[in-house]
Structures are given as structure tokens and as C-alpha cells.
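Enquirer: Here are the chains, one letter per residue:
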Amino acid sequence: MQIATSRFGVLDALEEQLIEIDGGLLGFPDATRYIRVPMPDADGWLWLQSVDDPDLAFLAIDAFLFFPDYDLELPEADVTAIALESSSDADVLALVTVRRAADGAVESITANLLGPVVINNPTGVGRQVVLSDSQYSTREIVSG
Amino acid sequence: MLVLSRRANQAIVIGPDIVVRVLDIRGDQVRIGVDAPRSVAVHREEVAAEIRQSNEEAARSATVASTDLPRPGA
Chain E
1 MQIATSRFGV LDALEEQLIE IDGGLLGFPD ATRYIRVPMP DADGWLWLQS VDDPDLAFLA
61 IDAFLFFPDY DLELPEADVT AIALESSSDA DVLALVTVRR AADGAVESIT ANLLGPVVIN
121 NPTGVGRQVV LSDSQYSTRE IVSG
Chain R
1 MLVLSRRANQ AIVIGPDIVV RVLDIRGDQV RIGVDAPRSV AVHREEVAAE IRQSNEEAAR
61 SATVASTDLP RPGA
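Those sequence lines, one after another, are chains E and R.
If you're matching positions, the first sequence starts at 1 in the numbering used here and goes up one per residue.
If you're matching positions, the second sequence starts at 1 in the numbering used here and goes up one per residue.
Please note that the accuracy of each hint is not assured.
Said to hold, decoys possible - A short, non-exhaustive set of chain R residues, derived as facing chain E with CB atoms under 10 Å:
1. Asp17
2. Arg21
3. Asp28
4. Asp35
Claimed, not checked - The following label-pair restraints were derived from C-beta to C-beta distances:
5. Gln29/R x Ser88/E: 36 to 44 Å
6. Ser137/E x Ile25/R: 50 to 58 Å
7. Val3/R x Glu16/E: 42 to 50 Å
8. Arg33/E x Arg6/R: 21 to 29 Å
9. Gly33/R x Pro38/E: 42 to 50 Å
10. Asp52/E x Ala8/R: 41 to 49 Å
11. Val40/R x Ser88/E: 34 to 42 Å
Because the hints were derived from the structure by calculation, they are not lab data.
Virtual Cβ for every residue (Gly too), placed ideally from N, Cα, C.
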């Protein structure tokens, strides 16, 4: 299938590459289908591009690659919702916000570790998880 | 919205298996106990709101060159 995007032009994707985010990302309930667009030359970085909205894309990281000590306990409601059978089946992504100064220079790059996007890889079904009583914030500094 | 008045130790029941009980009232703070199946997600409203705000900001922050991005473990 072909996916129109405003950032990457038209992408070619197979149905099985699609990710179905159960309920959508918080604030974006109508966009439930995404595709991963890896970032060239940037290990661990990718875009989550909406299939439903060409303008909607989220920069994301492989959370454990950048935060090896990330302590993630998935609520059972979420595990059930995405039918996750083993932690090794899960991809854990954190959505990233880049803030720029007035002159355009990158001021800060932060990742949302309070609401990770957990994807059941074999099925392609994922969910944005709300970690209610965690020590993490939506603005954890991403450094190397 | 359905509004129910409850006193400390009284509860409301939602559906067959969710009980929300007022445990304690002190000044303007109320302790609430939620008894729900583990398959039901229960969280504070403001945590979800914070994540929603973060998503909206992330969706706007958009483009960045790969050279501006930190490398893992660097």
C-alpha cells in the first residue's frame, strides 16, 4: 500500500508493517495506524508516521537504548489489551520533543518516559501506556 | 454527569465488578480506593492529561536533522 506523508513523500509499505495503536495516542484518538520510518544515520531513532493523517508524525526513540535503566512495569490492563505474551515481543518507544531557541538552534531534546508506546511486535498492535505511579516524566533529557 | 453524595467509607459500584470507595476525607483532600479487575486501567486524570500535552507538543516539534540527535551510549 502507498502512504501519503507530508514529511517523507509517498511511502511504500506492506500491510504487515502497519502498527495499530489501540485507542490512538493520547490526544490523537482518530489516528490509530502508524508506520515506522527509521531515521537514516541515527541508530535508535525513528519516526512514527500516521497512516491516517499525512501531517501527523512523531519522532521517537528506542527507550531502552537511550535509557538502559528504564524501569518499566506494564499495567496488566495494557498487557491484556495488546495481548503481550512475552517481554521479548515488545518494542518500547518513547516519543520525543525537540525544542528550538529563537535562532533555530536545538535547545533541548526530551523523551516522554511517563507514557511510553509499547508495541507487540509479532502482532503489530501497540498502546500508549500511562505509568501512573512512576518516577518518570514526559520530559526526560535525551543524551547519548 | 451523574453526581452522588457519599460519606467516608461509603462506596459506589460501577458495573459488575468495580467499586470506588471514599476512604477518608480531610479538609480538601479525599482518599479514594478503587477495586477493579486488573484488566481495567485506573489512573489519575492529570497523568493522562500530561501525556496528552506532551504528545501534542511532540507532534508540533517536528523536523530535525539526524546530525542534531544524540547517539545512544555515546
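Enquirer: State, for the Cβ atoms of Gln29/R and Ser88/E, whether the hinted interval 36 to 44 Å holds or is violated.
Expert: 42 Å, holds
Enquirer: For the range 21 to 29 Å, tell me whether the beta carbons of Arg33/E and Arg6/R fit it or not.
Expert: 42 Å, violated
Enquirer: Answer holds if the nearest beta-carbon of chain E is closer than 10 Å to that of Arg21/R; otherwise answer violated.
Expert: Where the cut-off is 10 Å and the nearest Cβ of chain E is about 18 Å from Arg21/R, the hint is violated.
Enquirer: Starting from the range 42 to 50 Å, see whether the pair Val3/R and Glu16/E falls in it by beta-carbon distance.
Expert: 48 Å, holds
Enquirer: Just tell me: holds or violated, for the beta carbon distance of Ser137/E and Ile25/R against 50 to 58 Å?
Expert: Given about 30 Å between the Cβ atoms, the range is violated.
Enquirer: Within 41 to 49 Å: is that where the Cβ-Cβ distance between Asp52/E and Ala8/R falls?
Expert: 47 Å, holds
Enquirer: Given Asp17/R was flagged as interface, is its beta-carbon under 10 Å from a beta-carbon of chain E?
Expert: Status violated, d = 13 Å.
Enquirer: Would the hint on Asp28/R be counted as holding, given a Cβ-Cβ threshold of 10 Å to chain E?
Expert: The hint is violated - Asp28/R has no Cβ within 10 Å of chain E, the shortest such distance being about 21 Å.
Enquirer: Using the Cβ atoms, figure out if Val40/R sits within 34 to 42 Å of Ser88/E.
Expert: 26 Å, violated
Enquirer: Given a hinted range of 42 to 50 Å, is it respected by the beta-carbon distance of Gly33/R and Pro38/E?
Expert: Roughly 45 Å apart at Cβ, these two residues keep to the hinted range, so it holds.
Enquirer: Double-check Asp35/R for me: the hint is only fine if its C-beta lies closer than 10 Å to a C-beta in chain E.
Expert: Given a least distance of 14 Å, the restraint on Asp35/R is violated.
Violated hints, in rising order: 1, 2, 3, 4, 6, 8 and 11; the structure is consistent with all others.
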